[in-house]
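Visitor: Sequences listed follow chains A and B, in order. Residue numbering for the first sequence follows this note's numbering, beginning at 143 and increasing consecutively. Residue numbering for the second sequence follows this note's numbering, beginning at -2 and increasing consecutively.
Some hints here could point you the wrong way.
[Said to hold, decoys possible] Listed below are the simulated SDA-like cross-link pairs for lysine to any residue, each with C-alpha atoms no more than 25 Å apart in a straight line:
| no. | chain 1 | residue 1 | chain 2 | residue 2 |
| --- | --- | --- | --- | --- |
| 1 | A | Lys145 | B | Val57 |
| 2 | B | Lys54 | A | Asn172 |
| 3 | B | Lys8 | A | Lys211 |
| 4 | B | Lys54 | A | Lys252 |
| 5 | A | Lys211 | A | Lys252 |
| 6 | A | Lys145 | B | Lys8 |
| 7 | B | Lys54 | B | Thr17 |
| 8 | A | Lys145 | B | Val85 |
| 9 | B | Lys54 | B | Ser64 |
| 10 | B | Lys8 | B | Asp92 |
| 11 | A | Lys211 | A | Ser183 |
| 12 | A | Lys211 | A | Ser151 |
| 13 | A | Lys252 | B | Gly60 |
| 14 | A | Lys252 | A | Gly171 |
| 15 | A | Lys145 | B | Tyr47 |
| 16 | B | Lys54 | A | Glu200 |
| 17 | B | Lys8 | B | Gly60 |
| 18 | B | Lys54 | B | Gly37 |
| 19 | B | Lys54 | A | Glu173 |
| 20 | A | Lys145 | B | Asp35 |
| 21 | A | Lys252 | B | Lys8 |
| 22 | B | Lys8 | B | Ala19 |
| 23 | A | Lys145 | B | Asp59 |
| 24 | A | Lys145 | B | Ser66 |
| 25 | B | Lys8 | A | Ile181 |
| 26 | A | Lys211 | A | Leu222 |
| 27 | A | Lys194 | B | Asp92 |
| 28 | A | Lys194 | A | Leu222 |
| 29 | A | Lys145 | B | Ser64 |
| 30 | A | Lys211 | B | Thr96 |
[Stated by the list, open to error] In silico negatives: residues of chain A with every beta carbon more than 12 Å from chain B:
| no. | residue |
| --- | --- |
| 31 | His219 |
| 32 | Asp245 |
| 33 | Thr248 |
[Said to hold, decoys possible] So, partial list: chain A residues that the calculated Cβ filter (under 7 Å) puts toward chain B:
| no. | residue |
| --- | --- |
| 34 | Pro150 |
| 35 | Cys154 |
| 36 | His182 |
| 37 | Gly185 |
| 38 | Tyr188 |
| 39 | Gly246 |
| 40 | Pro253 |
Since the hints were derived computationally from the structure, they do not count as laboratory data. Just so you know, even glycine gets a beta-carbon here, dropped at the ideal spot from N, CA and C.
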Amino acid sequence: DAKTTQPPSMDCAEGRAANLPCNHSTISGNEYVYWYRQIHSQGPQYIIHGLKNNETNEMASLIITEDRKSSTLILPHATLRDTAVYYCIVRVNANAGKSTFGDGTTLTVKP
Amino acid sequence: DAEITQSPRHKITETGRQVTLACHQTWNHNNMFWYRQDLGHGLRLIHYSYGVQDTNKGEVSDGYSVSRSNTEDLPLTLESAASSQTSVYFCASSDTQETQYFGPGTRLLVL
Chain A
143 DAKTTQPPSM DCAEGRAANL PCNHSTISGN EYVYWYRQIH SQGPQYIIHG LKNNETNEMA
203 SLIITEDRKS STLILPHATL RDTAVYYCIV RVNANAGKST FGDGTTLTVK P
Chain B
-2 DAEITQSPRH KITETGRQVT LACHQTWNHN NMFWYRQDLG HGLRLIHYSY GVQDTNKGEV
58 SDGYSVSRSN TEDLPLTLES AASSQTSVYF CASSDTQETQ YFGPGTRLLV L
């Protein structure tokens, strides 16, 4: 599976959009981009995933560049409860066990 | 509601002892995974299974074993616990293209 690079930490004001970047320059054509988050040592929680088209669900939006070498997770209106570690991983699909979560980005939402 | 549970939630053991961590899911998912997470870092894959009687080694499998005798359970065994295995252990399950669902974690301390 391709490796990913994320900034170690980011801050965001409550109510503003949080934009979390991820670089995955060695991604293969059949690999999806997945985003998870982990709140205060709980089990990771799925947020969203995509292959090449932009995706949106009730939690977030995922923007994938045309060359697929990077992506951005957007939380449109961050709340204090969105403070968490956010992980970007790439893999063929959820069926592929050979995936590793990097150190992620610690997002702190401030009042 | 379907869920994934882990037991025990906290465990203290001594070096050299055998320890088994339980993971049980009620989604009837074929795929199950075990990860460890060391303080301040992301998750690393230990073992995974794509179905009954199937087991595969992950990134950090040395010192661990799993068995899959039914769909619902994937117990993780530390044959001879070492201090380096002090960590938080997460179990997850998924089915084909779906995302992984994670359990609440087991905190293991090896003295």
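Visitor: Compare the structure with each hint and give your call.
Guide: We went through each hint and held it up to the structure:
1. Of the pairs offered as hints, the one joining lysine 145 (chain A) and valine 57 (chain B) holds, with about 17 Å between alpha carbons and a cut-off of 25 Å not exceeded.
2. For the suggested pair lysine 54 (chain B) and asparagine 172 (chain A), the alpha carbons sit about 23 Å apart, so the restraint of at most 25 Å is met.
3. Between the alpha carbons of lysine 8 (chain B) and lysine 211 (chain A) the distance comes to roughly 42 Å, so the proposed pair goes past 25 Å and is violated.
4. This hinted pair does not check out: lysine 54 (chain B) and lysine 252 (chain A) have alpha carbons roughly 41 Å apart, beyond 25 Å.
5. For the proposed pair lysine 211 (chain A) and lysine 252 (chain A), the alpha carbon gap of about 30 Å is over 25 Å, so the pair is violated.
6. For a cut-off of 25 Å, the pair hint linking lysine 145 (chain A) to lysine 8 (chain B) is broken: about 33 Å separates their Cα positions.
7. For the suggested pair lysine 54 (chain B) and threonine 17 (chain B), the alpha carbons sit about 17 Å apart, so the restraint of at most 25 Å is met.
8. Restraint check: the Cα-Cα separation between lysine 145 (chain A) and valine 85 (chain B) comes to about 23 Å, which is no more than 25 Å; the hinted pair holds.
9. This hinted pair checks out: lysine 54 (chain B) and serine 64 (chain B) have alpha carbons roughly 12 Å apart, not beyond 25 Å.
10. Distance check on the hinted pair: lysine 8 (chain B) and aspartate 92 (chain B) sit about 29 Å apart at the alpha-carbon level, beyond 25 Å; violated.
11. This hinted pair does not check out: lysine 211 (chain A) and serine 183 (chain A) have alpha carbons roughly 29 Å apart, beyond 25 Å.
12. With a C-alpha separation of about 21 Å, the suggested pair lysine 211 (chain A) and serine 151 (chain A) falls inside the 25 Å cut-off, and the hint holds.
13. Pair hint lysine 252 (chain A) plus glycine 60 (chain B) does not hold up; C-alpha atoms about 42 Å apart against a cutoff of 25 Å.
14. Between lysine 252 (chain A) and glycine 171 (chain A) the alpha-carbon distance is near 38 Å, which puts this suggested pair outside the 25 Å criterion.
15. Restraint check for lysine 145 (chain A) and tyrosine 47 (chain B): the C-alpha separation of about 23 Å stays at or below 25 Å, so the hint holds.
16. A threshold of 25 Å between alpha carbons decides the hint, and for lysine 54 (chain B) with glutamate 200 (chain A) the separation of about 35 Å lies outside it, so the pair is violated.
17. About 17 Å separates the Cα atoms of lysine 8 (chain B) and glycine 60 (chain B), which keeps this hinted pair within 25 Å; it holds.
18. Restraint check: the Cα-Cα separation between lysine 54 (chain B) and glycine 37 (chain B) comes to about 24 Å, which is no more than 25 Å; the hinted pair holds.
19. Between the alpha carbons of lysine 54 (chain B) and glutamate 173 (chain A) the distance comes to roughly 21 Å, so the proposed pair stays at or under 25 Å and holds.
20. This hinted pair checks out: lysine 145 (chain A) and aspartate 35 (chain B) have alpha carbons roughly 19 Å apart, not beyond 25 Å.
21. For the proposed pair lysine 252 (chain A) and lysine 8 (chain B), the alpha carbon gap of about 35 Å is over 25 Å, so the pair is violated.
22. For a cut-off of 25 Å, the pair hint linking lysine 8 (chain B) to alanine 19 (chain B) stands: about 12 Å separates their Cα positions.
23. Between lysine 145 (chain A) and aspartate 59 (chain B) the CA atoms are separated by roughly 22 Å; this keeps the pair inside 25 Å, and the hint holds.
24. Taking the CA atoms of lysine 145 (chain A) and serine 66 (chain B), the gap is about 33 Å. The hint is violated against a cut of 25 Å.
25. A distance of roughly 22 Å separates the Cα atoms of lysine 8 (chain B) and isoleucine 181 (chain A); the hinted pair therefore holds under the 25 Å criterion.
26. As the CA atoms of lysine 211 (chain A) and leucine 222 (chain A) are separated by approximately 30 Å, the hinted pair breaks the 25 Å bound.
27. The suggested pairing of lysine 194 (chain A) with aspartate 92 (chain B) holds, with an alpha-carbon distance near 22 Å, which does not exceed 25 Å.
28. Restraint check: the Cα-Cα separation between lysine 194 (chain A) and leucine 222 (chain A) comes to about 30 Å, which exceeds 25 Å; the hinted pair is violated.
29. Restraint check for lysine 145 (chain A) and serine 64 (chain B): the C-alpha separation of about 29 Å exceeds 25 Å, so the hint is violated.
30. Restraint check: the Cα-Cα separation between lysine 211 (chain A) and threonine 96 (chain B) comes to about 22 Å, which is no more than 25 Å; the hinted pair holds.
31. Every Cβ of chain B is farther than 12 Å from the Cβ of histidine 219 (chain A); the closest lies at roughly 23 Å, confirming the non-interface assignment.
32. Look at aspartate 245 (chain A): its CB is around 5 Å from the nearest CB on chain B, not clear of 12 Å, so calling it non-interface is violated.
33. A beta-carbon of chain B comes within 12 Å of the beta-carbon of threonine 248 (chain A); the shortest separation is about 10 Å.
34. The interface hint given for proline 150 (chain A) is broken, as the beta carbon of that residue sits about 10 Å from the closest beta carbon of chain B, more than 7 Å.
35. Of the supplied interface hints, the one on cysteine 154 (chain A) is violated, with its beta-carbon coming no nearer than about 21 Å to a beta-carbon of chain B, more than 7 Å.
36. Checking histidine 182 (chain A) against chain B: minimum C-beta separation of about 11 Å lies over 7 Å; hint violated.
37. Satisfaction of the interface hint for glycine 185 (chain A) is found here, the shortest Cβ-Cβ separation to chain B being roughly 3 Å, below the 7 Å cut-off.
38. The restraint placing tyrosine 188 (chain A) at the interface with chain B holds, with a minimum CB-CB distance near 4 Å, inside the 7 Å limit.
39. Checking glycine 246 (chain A) against chain B by beta carbon gives a least distance of about 6 Å; that is within 7 Å, so the hint holds.
40. The closest approach between the C-beta of proline 253 (chain A) and any C-beta of chain B is roughly 25 Å, which is over the 7 Å cut-off, so the hint fails.
Of the numbered hints stated above, those contradicted by the structure are hints 3, 4, 5, 6, 10, 11, 13, 14, 16, 21, 24, 26, 28, 29, 32, 33, 34, 35, 36 and 40, listed in ascending order.
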